[in-house]
Each structure stands twice: as structure tokens, then as C-alpha cells.
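*Asks:* Given next are the chains, with one letter for each unit.
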Amino acid sequence: MSSQATTQPQPRRYLAYARRSLLVSIWFAILTFPIIVIRANTITGTITWRWHNIGWIVGGTFVGSWIWRYFLERKRAGAAATMGPLRQRLAASRAIVAQAVRRPAVARGGIAALLLLVVAFPFVGGMYQTNIMTTALLYVVLGLGLNIIIGLGGMLHIGYIAFYALGAYSYALLNFHFGLNFWLALPVGALVGGLFSLAIGIPVLRLRGDYLAIVTLAFAEITRLVLENWSSLTFGTAGIRNIPRPAIAGIRLTLPQTTTFVYFIMILMVALTIFVVNRLENSRIGRQFVAMKEDFIACQAMGVNIARTKLAALGLGGMWAGLAGVVFAARTTFINPASFTVWESIIVLCTVVLGGMGSIPGVITGALVLILVPEYLRAFAQFRMLLFGAVLVTMMVFRPGGLIQKRRRAYTISAQEKQVAGEIGDPGIQG
Amino acid sequence: MNYFLGLFVSGLTRGSIYALLALGYTMVYGIIELINFAHGEIYMIGAFTALILASVLSIAGLDAISILVIASLVAMIYSAAYGFTMEKIAYKPVRNSQRLSALISAIGMSLFLQNYVRLAQTSNFLPFPTLIPRFGFLQQLTFQVTSAQFVIFVTTTVVMILLTLLIKFTRIGKSMRAASQDKTMAMLLGVNVNRVIALTFIIGSATAALGGVLISSFTGQINFYIGFMAGIKAFVAAVLGGIGSIPGAVLGSFVLGWTESFGAGYISSDYEDVFAFAILVLILIFKPSGLLGRPENKKV
Chain A
37 MSSQATTQPQ PRRYLAYARR SLLVSIWFAI LTFPIIVIRA NTITGTITWR
87 WHNIGWIVGG TFVGSWIWRY FLERKRAGAA ATMGPLRQRL AASRAIVAQA
137 VRRPAVARGG IAALLLLVVA FPFVGGMYQT NIMTTALLYV VLGLGLNIII
187 GLGGMLHIGY IAFYALGAYS YALLNFHFGL NFWLALPVGA LVGGLFSLAI
237 GIPVLRLRGD YLAIVTLAFA EITRLVLENW SSLTFGTAGI RNIPRPAIAG
287 IRLTLPQTTT FVYFIMILMV ALTIFVVNRL ENSRIGRQFV AMKEDFIACQ
337 AMGVNIARTK LAALGLGGMW AGLAGVVFAA RTTFINPASF TVWESIIVLC
387 TVVLGGMGSI PGVITGALVL ILVPEYLRAF AQFRMLLFGA VLVTMMVFRP
437 GGLIQKRRRA YTISAQEKQV AGEIGDPGIQ G
Chain B
8 MNYFLGLFVS GLTRGSIYAL LALGYTMVYG IIELINFAHG EIYMIGAFTA
58 LILASVLSIA GLDAISILVI ASLVAMIYSA AYGFTMEKIA YKPVRNSQRL
108 SALISAIGMS LFLQNYVRLA QTSNFLPFPT LIPRFGFLQQ LTFQVTSAQF
158 VIFVTTTVVM ILLTLLIKFT RIGKSMRAAS QDKTMAMLLG VNVNRVIALT
208 FIIGSATAAL GGVLISSFTG QINFYIGFMA GIKAFVAAVL GGIGSIPGAV
258 LGSFVLGWTE SFGAGYISSD YEDVFAFAIL VLILIFKPSG LLGRPENKKV
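Chains A and B supply the protein sequences, listed in that same order. In my numbering, each residue carries its 1-based index in the first sequence increased by 36. In my numbering, each residue carries its 1-based index in the second sequence increased by 7.
Quick caveat, the hints were computed from the structure, so don't treat them as lab data. In this text, a Cβ means the ideal position worked out from N, Cα and C, and glycines have one as well. Some clues are possibly wrong.
[To be verified] In silico BS3-like links for lysine-lysine, alpha-carbon gap of 27 angstroms or less:
#	chain 1	residue 1	chain 2	residue 2
1	A	K111	B	K190
2	B	K294	A	K111
3	B	K99	B	K175
4	A	K329	B	K294
5	B	K190	B	K95
6	B	K181	A	K111
7	B	K190	A	K329
[Claimed, not checked] Computed from the model, here is a short list of chain B residues facing chain A with C-beta under 7 angstroms:
#	residue
8	I42
9	G115
10	T137
11	T171
12	L172
13	A185
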């Protein structure tokens with residue numbers, strides 16, 4: 037089909053495209069007609085006809101289907117075969133950038149610039165911007181934590197927000213009852229998150245991907261429902277108020293100062309997370325995670341203890357959520373179960389998927405894009421979730437690896453080594 | 008005793024409701040091994056289509072029965088079309104990639120459809136017209152059975168029998184079974200697997216829409232979010248019964264329905280959903296292949 041299309045002369049190919057896109061748009065016009073055009077209000081008994089919407093659908097799906105088909109065919113033909121001049125130039129410039137980054141002077145300069153930007157941000161951006169950035173950073177930590185479970189371990193976890201909730205509640209409640217301060221709550225929150233993640237992990241050890249997904253979702257819902265209904269402990273839907281903000285011993289901070297302070301706490305936390313996840317990736321256990329993700333049975337055959345590896349991934353992942361939860365509670369000073377719905381888990385999942393499963397820069401980019409872009413595009417705020425859905429589907433169809441795809445660390449054989457191998461006559465490397 | 012019977016009947020109704028959805032889940036899973044997260048959304052779209060149509064028709068002045076029949080039929084056709092389109096856009100292109108991709112794509116589709124209806128219609132609850140007429144003979148029973156409950160129960164039974172017959176005795180059913188066992192082999196033997204998968208989505212979606220219409224006229228209100236929880240519950244039911252098995256889906260649905268209704272009636276109604284999930288976790292721990300499912304042995 038695609039090979040036929042490429043051998044056809046251009047005008048005829050476009051005509052065929054146009055015809056199919058037209059058919060698609062007619063199909064969608066009929067398909068969406070009742071829901072898009074008619075609005076029935078059964079309370080007042082009125083019906084509104086919105087005929088103009090059909091124009092949007094026809095136009096949108098016509099263009100959309102054209103683009104969709106174009107990319108689908110290119111994907112089928114393989115990216116290399118159809119690399120146009122633009123993409124070639126892009127690839128070339130990317131190579132130049134990559135080479136430049138590898139030079140120590142440039143890399144050092146880049147890091148210094150980034151550091152300067154990070155430090156200057158709250159003083160230049162003001163309180164509102166700092167707050168938004170702090171939210172984005174929270175999602176970076178959540179994304180990186182979930183990345184350990186999904187990206188490295190390959191377990192689809194859609195109840196991740198439960199550990200975030202538990203972290204937040206453990207700080208709020210321990211503070212309320214025992215006056216535990218923020219700094220002590222951090223390790224406690226991490227511990228609670230990690231332990232609960234482990235506790236949930238044990239019964240589901242035997243389950244495969246999709247079952248695991250549904251069970252984790254079930255656990256998250258149970259957690260939320262318990263938080264909602266166990267009023268004597270958690271104060272139910274009313275939530276917990278007046279959670280103290282983080283403070284440096286003895287010094288009272290004003291609100292803008294605290295905002296900046298929390299921002300820097302988050303920056304440190306992100307740095308710590310990046311450091312840990314990065315070290316983890318290339319450690320023995322990190323390699324085991326990836327092996328488990330790639331091939332369950334082969335991995336077991338190589339002597340990896342699957343149960344232990346799975347639990348390690350779950351526990352490590354849950355810890356970050358607990359940690360982030362404590363900061364969340366301290367920052368908003370008010371928490372209730374409504375902040376921890378399944379859709380929050382799915383937003384975190386989106387950041388991981390959009391950015392690139394398993395890739396640290398990818399997940400950071402994903403979180404920043406998904407949280408910051410909707411904040412700055414307030415006009416489109418109502419379309420936010422719609423777009424999230426569309427992004428998930430399109431990413432899976434066209435770029436399942438995410439925006440910044442993970443590169444595997446691979447051994448490269450230098451020319452010298454090849455030569456040596458050739459002299460010895462190792463058939464494995466020669467070819 | 009009447010309290011018990013009341014709970015029993017309400018559990019039966021819930022079970023029948025879940026069954027209408029669980030059948031679609033189980034069929035799709037049986038063939039392409041995908042949790043179709045957006046299945047609940049198809050059900051919601053079916054209910055909305057019926058609501059819109061019923062409002063238009065009642066202004067046109069039709070009587071209740073013909074409105075019910077026309078609205079259900081059109082809702083089924085539309086939902087089937089949505090299911091078909093969804094499969095072509097979101098699932099077919101990822102069929103050969105990792106399973107995680109298909110699952111994430113399904114979650115995306117679910118999110119998209121929910122918000123599509125929210126933006127195009129409303130985010131508030133809308134009262135759903137009572138389309139099902141009152142039956143006289145139900146009034147004579149000692150315990151309370153509403154007409155809607157009766158219709159839901161009968162419909163579920165009929166649909167289950169029809170689907171079982173379809174899968175056991177027809178040509179298309181045979182190709183479905185073949186495709187679910189081994190897609191490549193089925194293709195080699197001349198089964199048009201793409202068509203079989205599309206048809207599975209169409210049948211599953213139409214069943215879901217039927218469920219949507221009946222359930223909404225039973226509960227009396229709908230909004231854009233009803234599909235999500237119903238979808239999750241139905242999936243739980245399908246897993247309980249052993250995913251991929253049609254009688255299993257129905258059995259699982261009844262087990263789930265009774266668990267919820269007795270749990271809520273005798274223990275606490277606050278934790279209704281917790282009971283549902285708890286039984287799912289228990290069954291998966293002790294019998295990972297479900298009540299009627301075959302254990303799956305993976306060959307290397």
C-alpha cells in the first residue's frame with residue numbers, strides 16, 4: 037500500500053490523499069453529529085442546535101486525517117528512507133550540538149548557565165512564576181519516581197498518586213498530632229511511601245502487565261476512599277488545614293520568602309532524584325530492572341530474582357512519591373482526598389510517556405511541558421485534558437519512545453580493538 | 008428476609024449492568040489482549056446519544072416505547088461506530104508494538120472521549136428520561152423489583168445467550184476463536200483478522216451502548232464521567248470471571264454485584280467500592296486466571 041503510493045506520480049497521490057481525507061471527514065461529521073451539534077438540556081427541556089460546529093469537525097478532521105496518513109506512511113516506510121533535506125540538515129545540526137556538548141568547556145559553561153538560571157528564577161520571575169515552577173518540579177520528582185517503576189522496571193503502575201497522598205497525609209497527621217516538623221517528616225514520608233508501595237507489591241508479584249495496572253488502580257482508589265471515609269483519623273473530605281510551611285529553625289519566613297524557599301527545596305530534591313536515578317540506572321539493580329522489562333523469562337533464566345527486583349523497583353519508586361507528598365502538603369498547607377484522584381496518576385503517567393520512558397532528560401522535559409504549557413495557555417485550560425488524551429494516543433502511535441528517547445549505554449569497539457580481534461581471528465567481532 | 012431479598016435483587020441488577028459492559032471487555036481482551044480502557048466511555052457515549060435522541064424525539068411527539076426502541080437502536084449504531092473508529096485510530100497502529108503502548112493509548116482514548124463529551128455537552132449531571140414503562144405483573148411480587156431492573160436482567164440474559172451462540176456456532180464466531188488463539192495462523196488460513204477485530208469492537212461497543220441506555224434509565228441521571236467507574240468495575244468483573252470467557256464475565260459480574268450490594272447493605276455503604284476492589288485483589292492473589300478462566304502457560 038505505502039510502496040504503491042510512493043511510486044505513484046505526485047498529483048495523483050495527492051488526489052488520492054484528498055479523497056480519503058474527505059471520506060474521513062464526512063465519516064467524522066456523521067459520527068460526531070449528535071454530540072457535537074445537538075445539546076440537549078433535560079433539566080430545562082431545551083435543545084440547542086449548533087450547526088456551525090460541524091464546519092470545525094469537517095475542516096479539522098480533513099487536515100488531521102491528511103497529516104495522520106502522511107506520518108503513518110512515513111513511519112511505515114521507515115524514517116531513513118524518506119529523510120528529506122530538512123531532516124538531514126536537522127540531523128547534521130544535532131550531531132554538531134552533540135559534539136559541542138561533549139567538549140568539557142562547553143559542557144561546563146552550559147551547566148553554569150543552567151545553574152544561574154535556576155538560582156535567579158525566583159528573584160526574576162516573582163512569586164506566581166515560582167509557584168508554578170515549584171508545581172512543575174513536584175511533577176518532575178513524581179515523574180522520575182514513576183519512571184523507576186515504568187521506565188526501568190516496565191511495570192505499568194496507575195496508582196502512583198496513592199503514595200503521594202500517603203506522604204502528604206503522613207506529614208499532615210504526624211504534625212497535627214505530634215507536632216513533627218517538616219524536615220523530620222521528609223524521611224518519614226519517603227519511608228511510608230516506600231513501605232506502602234512494597235506492601236502493595238507483595239500480593240501482585242505474580243501479576244502481568246495489564247492485571248498489575250488494574251490492581252494498582254484499585255489500590256489507589258481504595259486508598260483515596262479510605263482517606264475520604266475514615267473521618268476520625270483523616271478528617272474525611274474536609275481535609276486537613278493549617279499544615280505548617282517548611283521553616284528554618286527559629287526563623288519565621290514571610291509568604292514570598294517561603295515560596296522561594298520551597299522552590300529551592302524542590303530544586304535540591306530534583307537534583308538528588310536525578311543523581312540517584314542516574315546512578316541507579318547503571319547499577320547492578322538498575323540493569324536488572326531493564327532486563328526484567330525486556331524479557332521476563334530470559335532474565336529469570338540469567339539468575340535474577342524477579343520477586344526481589346520487582347519489589348525493589350516498587351519500593352524505590354514509592355519513596356519518591358512519599359517524599360514529594362510531604363513537600364506538597366507543606367507547600368499548599370491544606371490537603372484533602374480530592375487532590376489525589378486517579379487522573380492525577382494519569383497525569384504523572386503522561387509526563388513519563390510524553391518525555392520518554394526510562395530517559396531522565398525525557399521525563400524532566402515531559403513534566404515541564406505538561407505542567408507549564410497548560411499554565412501559560414490559560415485560554416485553552418478547558419481543553420487541557422482533551423489534549424492530554426490526544427497526546428497519549430499520538431505519542432503511542434508515532435513515537436512510542438517519547439520526546440527524548442532513551443539511549444542505551446552500549447559498548448563501542450574502537451578500531452584498535454577491532455584490529456586486535458581480527459588478528460586473533462575472533463569471528464564474533466570481525467563481521 | 009425481605010431486606011436480604013432486596014439486596015439480592017439489587018445485586019442481581021448491578022451484576023447484570025456490569026455484565027453488559029464486561030462482555031465487551033472480555034471479547035476484546037480475548038482477541039487482542041488489550042484492556043480497552045475506553046470501553047466505559049463508549050458506554051457513556053451510548054447513553055448520551057440516547058439522551059439526546061430521546062429529547063429530540065419526545066419534542067417530535069413520539070410515544071415512550073418507540074422512543075425507547077429508536078433511541079436504543081441509534082445509540083447502539085453510534086457506539087458501534089465509535090468503537091470501530093477508535094480501534095482504527097488508537098489500537099490498530101500499535102497492535103504490533105509493546106503491550107504497554109496499547110494500554111497507554113487506550114488510557115489516552117478514554118481521557119479524550121470523556122473530555123470530548125464534557126466540552127461538547129455539559130459537565131453537570133443531566134436527568135435521564137424514564138423510557139422503560141411500568142409492568143403490572145411486577146407489582147404483585149412480595150419484594151421490590153422495578154421494571155427497569157427486570158428489563159436489565161432479561162436483556163443481559165438474552166445478550167449473553169446470543170453472544171455465546173454467535174461465538175460457538177457461526178462462521179464469524181469461529182474466526183473470532185481462531186484469531187484469539189493465534190492471529191498469524193488464522194491469517195494464514197484465510198481469516199481476515201483485521202475484520203474480525205473490527206467486528207469484535209463493533210459488537211462489544213453495541214452491547215455497551217445497550218447497557219448505557221438501560222442503566223441510565225434505571226439510575227435516572229448521567230454525566231460525562233459515568234463511563235469511567237462503570238468501565239473499571241466491569242473490567243474487575245471480567246477479570247473475576249476469567250478474562251476472555253463469556254460465561255465467566257457474566258458470573259464475575261454477578262459475584263461483583265452481590266459483593267457490593269451485600270457489603271453495602273450489611274457492613275457500610277461508604278466502602279462499597281472498596282469491597283469491589285478488595286474482592287478483585289483477593290481473587291487475583293488466589294486464582295490469577297479468574298473463576299472460569301484457563302490458566303495461561305507461556306511458552307518460551
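*Asks:* Now, for every hint given, state plainly whether the structure supports it.
*Replies:* Hints and how they fare:
For a cut-off of 27 angstroms, the pair hint linking K111 of chain A to K190 of chain B stands: about 23 angstroms separates their Cα positions. Of the pairs offered as hints, the one joining K294 of chain B and K111 of chain A is violated, with about 41 angstroms between alpha carbons and a cut-off of 27 angstroms exceeded. Taken as a hint, the K99 of chain B and K175 of chain B pair is honoured in the structure, with Cα atoms around 26 angstroms apart against an allowance of 27 angstroms. About 24 angstroms separates the Cα atoms of K329 of chain A and K294 of chain B, which keeps this hinted pair within 27 angstroms; it holds.
About 17 angstroms separates the Cα atoms of K190 of chain B and K95 of chain B, which keeps this hinted pair within 27 angstroms; it holds. Of the pairs offered as hints, the one joining K181 of chain B and K111 of chain A is violated, with about 34 angstroms between alpha carbons and a cut-off of 27 angstroms exceeded. For the given pair, K190 of chain B sits about 24 angstroms from K329 of chain A by alpha-carbon distance, which is consistent with the 27 angstroms threshold. For the restraint placing I42 of chain B at the interface with chain A, the shortest Cβ-Cβ distance is roughly 5 angstroms, inside the 7 angstroms limit, so the hint holds.
For the restraint placing G115 of chain B at the interface with chain A, the shortest Cβ-Cβ distance is roughly 3 angstroms, inside the 7 angstroms limit, so the hint holds. Because the smallest distance between the Cβ of T137 of chain B and any Cβ of chain A comes to about 11 angstroms, over 7 angstroms, the interface hint for this residue is violated. Of the supplied interface hints, the one on T171 of chain B is violated, with its beta-carbon coming no nearer than about 24 angstroms to a beta-carbon of chain A, more than 7 angstroms. Of the supplied interface hints, the one on L172 of chain B is violated, with its beta-carbon coming no nearer than about 28 angstroms to a beta-carbon of chain A, more than 7 angstroms.
With a cut of 7 angstroms, the hint placing A185 of chain B at the interface with chain A is violated, because the nearest CB-to-CB distance is about 22 angstroms.
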